[in-house]
Amino acid sequence: MYGLSRYKLFFLLPGLLTLLAIILFPLIFTIRVSFSGWDAASPGLNFIGGGNYGRIFSDARFWESLVRLGFIATACVLLEYVIAFALALLVWHQVRLRRLTRVLFLIPMMTTPVVMAVIWRTIFHESLGPANDLMQFLGIGNVAWLTSAGWATVVVILVDVWQWTPFMFLLLMAGLLSLPKEPFLAAAIDGAGPIRTFFNVTFPAMAPISAGAVIIRLIEASKIMETIYVVTSGGPGTATETSSYYIFIRGLRDFQIGYAAALSITYLVIMIVLLTIIAKLLARYLVKSGA
Amino acid sequence: MPRLFRIIKTAAILGWSAFVIAPFLWALTTSFKTANGVTAGPTYLPYVDYEPSLAAWKGLFGSGAGSIDIVQPFAASMIVTLSASAISLILGTLAAYGLSRFVYKAGPIGNNDLTFFFVSQRIMPPVVLAIPFFLMLGFFGLLDTILGLVIVYIALLLPIAVWVMVDFFNNIPRELDETAMIDGCTPIETFWRVILPNSLPGLVVAGIFCIVFGWNDFFFAFTLTFTETQLLPVAIVSLNSSVTPWWSLSASALVSVAPLIVVAFLVERYLEKGSLAGARK
Amino acid sequence: MTYAIRNLTVADGNAIHLDGLDVELPASGVVTVIGRTLSGKTTFLKVLAGLQAVRSGSLVRDGVDLLNIPAWKRRVGMVYQQFVNYPHLNVRDNIVFPLRRAGCTPSEIEAKLTYVSDLLGLRPYLDRRPAELSGGQQQRVALARALVKDTDFLLLDEPLVNLDYKLREQLRDEFRRIFRDSRDRLVVYATTEPAEAMILQGHIIILHEGKVIQTGDYRDVFHYPANTIAAQVFNDPPMNLLEGEIAGGRMILGPSFETPLPAHFSTLAPDRYTFGLRATDLALGGDFSAVVALAEVNGSLTVLHLDLDGRNLVLEEEGVHLFQPGDRIGFTPDSARFYAFDATTGTLIAAPPRRSVSGQKD
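Chains as they are written, first to last, in the numbering used here: chain B, 1 to 291; chain G, 1001 to 1281; chain W, 2001 to 2362.
With the rest of the complex left out, here is chain B:
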């Protein structure tokens, strides 16, 4: 089509340039800073070569935080997926129930995660909070929610599941509603029960949407930080310290800006590579299963 060029630019450039300006400079700047030894004692942009990066190799705390992050993010996303799918399947067919539950389930997702985390902190307070009250009521006895490594992790996961299952629920529900009816009718005619129908019709048909939802949630979950900051402060010790939190401590608390910058870049690269691999794997799995 003739005469389109200036219009093309008019539409794309304002947004693109703005984004580039705001993101690109800081990114390049971070890379530059990562090659410096900027910290509280010696502020300023000097040049120490790959010193920071070398230090990362032997920084066990960083690598442990990555493993922890992997575990927590995977656990969160898996739980959210299973629960959301189950709830969506239960509610999918009945319109009124669907509406009611949709509002109810929508609410956690819309609230400010940090603010809810503050409330959760009071809930899991070991002597004054209702969580342990409930545990005693159930005959389990006091649980060291925030002072034991294992339980602290559980709390973090629980809070994330509370917050983000609705997101999965919405996505999966929209997906279920958009499925063609024919395969289900065919299954019913063939006399398939609910379980068989699920495994042979529903789940495969939902594969692309499931994959999309999981990827989106994984990306967001990998950034988890605020909840940890408020509820556990990465603790006890470093039990719930994820990579984001660790970098935050190094950079903005210990003020080792140069090192934190190097950590940031390394972390970013690892994340991009990992997430791209996972996305590609899921895509290939989808193609193979004939989606």
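These are calculated hints, taken from the structure and not from any lab test. Hints are supplied without guarantee of correctness; some may be wrong.
What the hints assert, rightly or not - Under the rule of at most 30 Å between Cα atoms (straight-line distance), these lysine-lysine pairs were calculated in the BS3-like manner:
(1) W:2073 - B:8
(2) B:8 - G:1105
(3) G:1105 - B:280
(4) G:1009 - B:181
(5) W:2211 - W:2073
Unchecked claim - Stretches of chain B that chain G covers, calculated by requiring three or more beta carbons in the stretch to come under 8 Å of a beta carbon on chain G:
(6) 19-31
(7) 261-275
To be verified - Pair by pair, the computed Cβ-Cβ distance ranges are:
(8) B:182 - G:1006: 24 to 34 Å
(9) G:1201 - B:60: 48 to 58 Å
(10) B:287 - W:2015: 19 to 29 Å
(11) B:60 - G:1144: 31 to 41 Å
(12) G:1025 - B:148: 20 to 30 Å
(13) G:1188 - W:2111: 23 to 33 Å
(14) B:134 - G:1144: 38 to 48 Å
Glycine included, every Cβ here is placed at the ideal spot set by N, Cα and C.
Following the hints, complete the assembly by docking chains G and W onto the known chain B.
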């Protein structure tokens, strides 16, 4: 068997619903407590377990001792969120229209790469940007200012707007644009007179996402502001670390999430109108 | 004054949609572009409208290459096969949209609106939204909007394809009436159906795989298809094509299929040929036999797909004749209606003497 299934189903839904509401209920009762209702152990029902008081709620509006000013951070959050969302929506929708309708090519980079570039910004862990933003805003004297935050938020919200609107525009048949152009509209007029009026549902979704993500941000507000400008999430959390009574904490928290709960109801209403649910079945 | 299209190529990577097209269009009147699906009809129309980028070529009128003019500055109206209207406007605003863009005065707008809505019977619907109308009405609105402004081109891309049978017939007649007075613009009508082309009685352009196969007056094209492709595209059912030869004064089409040489083939040399015969020129009953593979009854017409020693023949006969697949029937070809095409190139070599088309006066 179906009987058992129904019991399980009801139990599951009730169970999850209870889980969803629990924190709000807890915060609600706690906000009416005084020292007695808290220090002796968890209490639940007003008048039964403890003596309720409105002290926390009164204190919210900045009067008297031990009170918290919620109004200021609330207003600040509003200004920042709405401005950043508006700008992100405008720039993002324009870019999304371009990516949906035109073919861009700069060497090996094409439409899909550009869209990916926009959307992939969401992968960026905030912590990676926190330090450079801190340093750069400091350099321009924009630390602890509304403007500084708005600029940063645009970078966060623009990708969301682009992501939602590209998908939406792709679902509008191109023949509509073509007819407008044949009728004498330049591409800009086409966008403004024909496509935009038919894009309301998408804009609403994108707008809501932007507002929610913007309002709920804690990290950047936390690292980039201190005293002059305080956003709501930061204000609430800072209460957490000081020796603030639980009841004030709960009251403030409820006030801060209340607007969003209202939005949640409105969104559900809108979803049911079929515009977003996709299926008009 | 004509439009000269030279060497028009539209391609997308390796997929070629229009292949070095050369054709001339009159400045006014009706042109029917006919071809199979994917032959390039839509692409061609889009180039005329300015909506399609071209790899090479020119569209020249009075020495000016129109391809350099962006779509919004051309004077074109277009009707699509999927009824396209502005969903957010009512019918009145839909129709006058282009007039408002062009800056016409309110009185001009009112006058043209009245004329067009009366022409297409849309007066009662002016305040409704397109979504509230039926398919036929929506297409009329689209047509109204295309007609309301002064244009050089009025393009219609298979506009009746999504309408039901009755509506199609009705609108076809209306089209003929509306287009008849097209003295100041060129109507380009794309279709796959020869019947529509015959009803519109315009100038024909046959497209196949992005190239122009034949152009001409509709009667000439019908009677003298330039080659086997034109013969198949411009007939519905497609013309039967049989390989055969002329030898010993006879036309030999197969082991048990021979007839004496028809008079109009008398000058042809003995050789291999591809012979063509329309489905309507085969009659039920007779000495030749074939097996019914498929039998269709369309309204009051019977169409039989026959298997003649492994080759396919289509026979169309008036009236309803019931047969089952597997039945053996007798048929008679009207040898005076045979066409002969070159066996290698498919070009027309001999055509039957002309007579009026299905009884209509020429």
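Structure-based check of all given hints:
no.	hint	result
1	W:2073 - B:8	18 Å, holds
2	B:8 - G:1105	11 Å, holds
3	G:1105 - B:280	24 Å, holds
4	G:1009 - B:181	23 Å, holds
5	W:2211 - W:2073	28 Å, holds
6	19-31	holds (count 8)
7	261-275	holds (count 8)
8	B:182 - G:1006: 24 to 34 Å	27 Å, holds
9	G:1201 - B:60: 48 to 58 Å	51 Å, holds
10	B:287 - W:2015: 19 to 29 Å	23 Å, holds
11	B:60 - G:1144: 31 to 41 Å	36 Å, holds
12	G:1025 - B:148: 20 to 30 Å	27 Å, holds
13	G:1188 - W:2111: 23 to 33 Å	30 Å, holds
14	B:134 - G:1144: 38 to 48 Å	42 Å, holds
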